[in-house]
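**Student:** Letter by letter, the chains look like this.
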Amino acid sequence: MRSPRWLNPFAWWAWALGLAIMASRTTNPLVLGCVVAVAAYVVSARRPDAVWGRSFRLFLILGAWVIAIRVVLGIAFGAPDGGHVLFSLPSLALPQWAAGVRFGGDVTEPALLSLIFDGMRLAAILACVGAANSLASPSRLLKATPSALYETGVAAVVALTFAPQIVGDAERLRSARRLRGRDTRGIRGFGSVAIPVLEGALEKSLHLAAAMDSRGYGRMAHTSEARRRTIAATFLVALLCATIGAYAALDERIPPIAMLSLLTGSIAMIAVAFVIASRARIRTVYRRDPWRSPEWVTTSVGMACALAAISTAASIAMQGPTTLTWPQVPLIAICAVALCLTPAWLTPLPPDRGAQ
Amino acid sequence: MIRFEDVTITYDGNLAPVIAHANLHINEGELALVVGPTGSGKTTLLHAINGLVPHFSGGTLSGRVVVDGRDTATHPPRELADVVGVVPQDPMSGFVTDYVEDELAYGMECLGLAPSVMRQRVEEIIDLLGLAEIRNRALMSLSGGQRQRVAIGAVMTTHPRILVLDEPTSALDPGAAEEVLAALQRLVHDLGVTVVLAEHRLERVVQYADRIIHVPGNGAPVQIGTAADIMRTASVAPPVVQLGRLAGWNPLPLSVRDARRNAEPLRERLRSAHNEHNQAGAAIDALAPRLLDVRSVSVAYGTKTALDNVTVTVDPGEILAIMGRNGAGKSTLLGTLVGLHKRSRGSVLVSGGDPADMRGPELISRVGLVPQDPSDLLSRDTVEAECHDSDRDARAPRGTTATILRSLAPDVATSQHPRDLSEGQRLALALAVILAARPPLVLLDEPTRGLDYLTKSRLVEALRTLAAAGHAVVLATHDVELVAEVATRVIVLADGEIVADGTTRDVIAASPLFAPQVWKVLAPQEWLTVAEVEQALGGVR
Numbered sequence: 001m002r003s004p005r006w007l008n009p010f011a012w013w014a015w016a017l018g019l020a021i022m023a024s025r026t027t028n029p030l031v032l033g034c035v036v037a038v039a040a041y042v043v044s045a046r047r048p049d050a051v052w053g054r055s056f057r058l059f060l061i062l063g064a065w066v067i068a069i070r071v072v073l074g075i076a077f078g079a080p081d082g083g084h085v086l087f088s089l090p091s092l093a094l095p096q097w098a099a100g101v102r103f104g105g106d107v108t109e110p111a112l113l114s115l116i117f118d119g120m121r122l123a124a125i126l127a128c129v130g131a132a133n134s135l136a137s138p139s140r141l142l143k144a145t146p147s148a149l150y151e152t153g154v155a156a157v158v159a160l161t162f163a164p165q166i167v168g169d170a171e172r173l174r175s176a177r178r179l180r181g182r183d184t185r186g187i188r189g190f191g192s193v194a195i196p197v198l199e200g201a202l203e204k205s206l207h208l209a210a211a212m213d214s215r216g217y218g219r220m221a222h223t224s225e226a227r228r229r230t231i232a233a234t235f236l237v238a239l240l241c242a243t244i245g246a247y248a249a250l251d252e253r254i255p256p257i258a259m260l261s262l263l264t265g266s267i268a269m270i271a272v273a274f275v276i277a278s279r280a281r282i283r284t285v286y287r288r289d290p291w292r293s294p295e296w297v298t299t300s301v302g303m304a305c306a307l308a309a310i311s312t313a314a315s316i317a318m319q320g321p322t323t324l325t326w327p328q329v330p331l332i333a334i335c336a337v338a339l340c341l342t343p344a345w346l347t348p349l350p351p352d353r354g355a356q
Numbered sequence: 001m002i003r004f005e006d007v008t009i010t011y012d013g014n015l016a017p018v019i020a021h022a023n024l025h026i027n028e029g030e031l032a033l034v035v036g037p038t039g040s041g042k043t044t045l046l047h048a049i050n051g052l053v054p055h056f057s058g059g060t061l062s063g064r065v066v067v068d069g070r071d072t073a074t075h076p077p078r079e080l081a082d083v084v085g086v087v088p089q090d091p092m093s094g095f096v097t098d099y100v101e102d103e104l105a106y107g108m109e110c111l112g113l114a115p116s117v118m119r120q121r122v123e124e125i126i127d128l129l130g131l132a133e134i135r136n137r138a139l140m141s142l143s144g145g146q147r148q149r150v151a152i153g154a155v156m157t158t159h160p161r162i163l164v165l166d167e168p169t170s171a172l173d174p175g176a177a178e179e180v181l182a183a184l185q186r187l188v189h190d191l192g193v194t195v196v197l198a199e200h201r202l203e204r205v206v207q208y209a210d211r212i213i214h215v216p217g218n219g220a221p222v223q224i225g226t227a228a229d230i231m232r233t234a235s236v237a238p239p240v241v242q243l244g245r246l247a248g249w250n251p252l253p254l255s256v257r258d259a260r261r262n263a264e265p266l267r268e269r270l271r272s273a274h275n276e277h278n279q280a281g282a283a284i285d286a287l288a289p290r291l292l293d294v295r296s297v298s299v300a301y302g303t304k305t306a307l308d309n310v311t312v313t314v315d316p317g318e319i320l321a322i323m324g325r326n327g328a329g330k331s332t333l334l335g336t337l338v339g340l341h342k343r344s345r346g347s348v349l350v351s352g353g354d355p356a357d358m359r360g361p362e363l364i365s366r367v368g369l370v371p372q373d374p375s376d377l378l379s380r381d382t383v384e385a386e387c388h389d390s391d392r393d394a395r396a397p398r399g400t401t402a403t404i405l406r407s408l409a410p411d412v413a414t415s416q417h418p419r420d421l422s423e424g425q426r427l428a429l430a431l432a433v434i435l436a437a438r439p440p441l442v443l444l445d446e447p448t449r450g451l452d453y454l455t456k457s458r459l460v461e462a463l464r465t466l467a468a469a470g471h472a473v474v475l476a477t478h479d480v481e482l483v484a485e486v487a488t489r490v491i492v493l494a495d496g497e498i499v500a501d502g503t504t505r506d507v508i509a510a511s512p513l514f515a516p517q518v519w520k521v522l523a524p525q526e527w528l529t530v531a532e533v534e535q536a537l538g539g540v541r
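Chains as they are written, first to last, in this note's numbering: chain X, 1 to 356; chain Z, 1 to 541.
Accuracy of the hints is not assured; some may be wrong.
Incomplete in silico selection of chain Z near chain X, CB under 7 angstroms [said to hold, decoys possible]:
no.	residue
1	52
2	81
3	96
4	110
5	136
6	142
7	397
Covered stretches of chain X (in silico footprint by chain Z; criterion: 3 or more residues with CB under 8 angstroms from a CB of chain Z, positions within the stretch not fixed) [to be verified]:
no.	stretch
8	158-164
9	168-179
10	203-216
11	289-300
Some residues of chain X that are not near chain Z, with every Cβ distance over 10 angstroms (derived) [claimed, not checked]:
no.	residue
12	10
13	64
14	85
15	91
16	92
17	107
18	137
19	139
20	149
21	187
22	195
23	225
24	232
25	251
26	261
27	342
If you are wondering where the hints come from, they were derived from the structure by calculation, not from laboratory data. For glycine and all other residues, C-beta sits at the position ideal for the given N, C-alpha and C.
Model the full assembly from the supplied sequences, consistent with the hints where possible.
**Tutor:** Following this line, the structure appears as structure tokens:
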């Protein structure tokens, strides 16, 4: 057994990205089901015992909602495209100017199936994001970012740790309403809890800011005025180039060479600005997560999955299923997804579960 | 090490200064204790040491604060982070990361120390403060005492020469408090760190202090002196000092050990005295229906058992204290009595009805709970509006709450915002709100957190009056001195089970951790409080 440690968060994200690419390339319910099952198994095996570690379930619920909403909206507004009619909804006769928009009418089997499979694809992608979210600690992700981005990152991490505390506050205030003999349900109940919760959150953030200040947050190495101006100017020009480049990408009259050079130029400039800005920080990082064989394994199975998805795209896409039949089994894709199961055994446990 | 030169601090919008013309000099390696009534400016004084006042809080500071040769006027808190470590009142509110080890390293990361140095210092602090078992745990999952020690460790890793702590033991049970104080002792004695700490529970810390800074409040001059000198006249004093003052001992004892050496003559005088409180506890009509009847109640959060087979009854006129470690299930038990938690087993009857089935006026006219943070109960922006709402909720005639509030805390201005009240006034307001519905059963969760001795004695008065009027009072607390003063019965919870249930004398005297100071000084005689001794001495003369 490996000794417990945190897996580098980028490895988890690369792995999840590989699975998500597979999910995005297919509507085959077998493959999609495998993707979700693999993500769920690895999460249950390797998620840490922290608040964000429990977020996977939320993403699954969100996915279920996406399927439901997509099916309902698709049935209501979808266009009829032939095939076996399952049932008919009362249709609304729309005026002339709204031609092309349809409401209600026949619901056919192919239409319904493609709606469901399409929803499943979105849900599977969401499950992959959820898996990465609960496996990779947001604060460890922050450690690996360039230090010029550190301030923004801290805000995000603080928000993440605040969220569960605020839920706790709301719970406490709801029970306090009961102690005053008031109704805890309904809009009034919600409103009267929301304001004190926000007040409490504001107070908490002030306390935190004071604590961070007294612990040395935001200490700067000496930066000359000239250097500070250079950094600001580089960022500004880089963003300008990026904007023009993005515009060029949309306009066919501008030659692609100009567009490409603008975009690559702006990326290079942003990188340079980051390097200069990072030098102005004196921050160091405690125990950076190393990149060793478990990280290589996790990343490469993810990438293998993505490669399999791209190379077999034609064979795994289900082009317009007409009736509900058992889908064909795309062997390569299923094997690639199954390969993504290996991090469940080949990675170390997170430290907070290692002790158990 | 720390020098205050004619320091006057005034907050914006206030005319009177919080601290006026303070001249202090704290030497290297001292443990200085800041004492004073609630709201007297102790926290302000502490925060002035690392420049949070006025850099962060606003307001004006005249005079000079010099820390290790650096003037706080020209050094903001972050530039003092390598000299002064500040542990906030609620350690959780100052945590930036989510795991113990990362939190320990955070300050060093900000200072830009080399990774190898950081690694070594984290290991050292883990050993020094005994954090090895919890180093990989999430901060949210720690107990109060563990959080406090992690917070101390997190500022100690930057090797500050001064450690500033704001009420480090107030929220802790006696055992956890001793853990934290032992850790502090170690820092002072082994590493020569200068420690400045503010605390209300003087009985826990006064014997460790080299010098005391007395902040009397209302702009009165700040005094500094040796612990024994200041304690002779200070406006707040722990029971052992009060006993020493009463018996006229010189030098004034600060610890139970000192007092016991002097106590022989006092014990002699008391031998013949009659302790009236010994026979306390009126005979209770066994046939009368119980006010509160809890039978084999179990409560679980997920897979964790919070209460396990708890059976307890309370009669009118009783004051029951629930004691036990942080997380032993005290708050859960109180919550269950008002129907906040789902029981997995057992029954709760309050005046013959199950509180879980009640709501609205029916509930609050039978049982009222003042939660740990009294401001949870308050939602309006003035005291007056709050009282008015409370009358309406309780279906009581207009002015009921205001009248109760005046009897509990006469000095509350009705136009104030509840958040601007002092800790004690806020508790009084919350109690008044609860009492407006005249519930026969009154529950209080940790009522003395952050209260000074004067406010505490007012609370004791109020609780006794309630009990005399036929209410039953149940309080969950860590404060053994409060229990000694006011409780008629004590139950001790451990891991959700009742491990002791009996009269105050039987339960707390049997425990070395829970026995009040007066008891420890005068054992084997059975005296719980200074007031008892005073009364008995009056009888002897």
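**Student:** Determine for every hint whether it applies to the structure shown.
**Tutor:** Here's how the hints hold up against the structure:
About 6 angstroms separates the beta-carbon of residue 52/Z from the nearest beta-carbon of chain X, less than 7 angstroms, and the hint is met. With 7 angstroms as the threshold, the beta carbon of residue 81/Z comes within range of chain X, its nearest partner Cβ sitting at about 3 angstroms, so the hint holds. With a cut of 7 angstroms, the hint placing residue 96/Z at the interface with chain X holds, because the nearest CB-to-CB distance is about 6 angstroms. Because the smallest distance between the Cβ of residue 110/Z and any Cβ of chain X comes to about 4 angstroms, under 7 angstroms, the interface hint for this residue holds.
With its C-beta approaching chain X no nearer than about 4 angstroms, residue 136/Z sits inside the 7 angstroms limit, and its interface hint holds. The beta carbon of residue 142/Z is not positioned within 7 angstroms of any beta carbon in chain X (closest approach about 12 angstroms), and the interface hint is therefore violated. Violation of the interface hint for residue 397/Z is found here, the shortest Cβ-Cβ separation to chain X being roughly 16 angstroms, above the 7 angstroms cut-off. Counting residues of the stretch 158-164 of chain X whose beta carbon lies closer than 8 angstroms to any beta carbon of chain Z gives 3, which reaches the threshold of three, so the coverage claim holds.
Using a Cβ-Cβ cut-off of 8 angstroms, 6 residues of the stretch 168-179 of chain X lie near chain Z, which meets the minimum of three, so the contact claim holds. Chain Z is given as covering the stretch 203-216 of chain X, and this holds because 11 residues of the stretch bring a CB closer than 8 angstroms to a CB of that chain, at least three being needed. For the stretch 289-300 of chain X, the assignment as covered by chain Z is violated, since 0 residues bring a beta-carbon within under 8 angstroms of that chain's beta-carbons and 3 are needed. The claim that residue 10/X lies off the interface holds: its Cβ sits roughly 18 angstroms from the closest Cβ of chain Z, which is beyond the 10 angstroms cut-off.
Once the 10 angstroms rule is applied to beta carbons, residue 64/X is consistent with being away from chain Z; the minimum gap is 23 angstroms. For residue 85/X, the condition that its CB be more than 10 angstroms from all CB atoms of chain Z holds, with the nearest at approximately 49 angstroms. In this structure residue 91/X is separated from chain Z by more than 10 angstroms, as the shortest Cβ-Cβ distance comes to about 48 angstroms. Distance to chain Z confirms residue 92/X as a non-interface residue, since its nearest Cβ pair spans about 45 angstroms, more than 10 angstroms.
Here residue 107/X stays apart from chain Z, with its beta-carbon at least about 43 angstroms from theirs, past the 10 angstroms limit. Residue-level check failed: residue 137/X sits 8 angstroms from the nearest beta carbon of chain Z, not beyond 10 angstroms. The claim that residue 139/X lies off the interface is violated: its Cβ sits roughly 6 angstroms from the closest Cβ of chain Z, which falls inside the 10 angstroms cut-off. Non-interface call for residue 149/X relative to chain Z: holds, since the shortest CB-CB distance, roughly 15 angstroms, exceeds 10 angstroms.
Every C-beta of chain Z lies more than 10 angstroms from that of residue 187/X, the closest at about 15 angstroms, which supports listing it as non-interface. Some Cβ of chain Z comes within 10 angstroms of the Cβ of residue 195/X; the nearest lies about 8 angstroms off, and the non-interface call is violated. A cut-off of 10 angstroms between C-beta atoms confirms that residue 225/X is not in contact with chain Z; the least separation is 20 angstroms. With a closest Cβ-Cβ approach of about 23 angstroms to chain Z, residue 232/X is found to remain outside the 10 angstroms limit, as its non-interface label requires.
For residue 251/X, the shortest C-beta to C-beta distance to chain Z comes to about 46 angstroms, beyond the 10 angstroms cut-off, and the non-interface label holds. Its beta-carbon lying about 38 angstroms from the closest one in chain Z, residue 261/X satisfies the requirement of being farther than 10 angstroms from that chain. With a least CB separation of 25 angstroms from chain Z, residue 342/X remains clear of the 10 angstroms interface cut-off, as annotated.
Going down the numbered hints, you'll see the structure goes against 6, 7, 11, 18, 19, 22, while the others check out.
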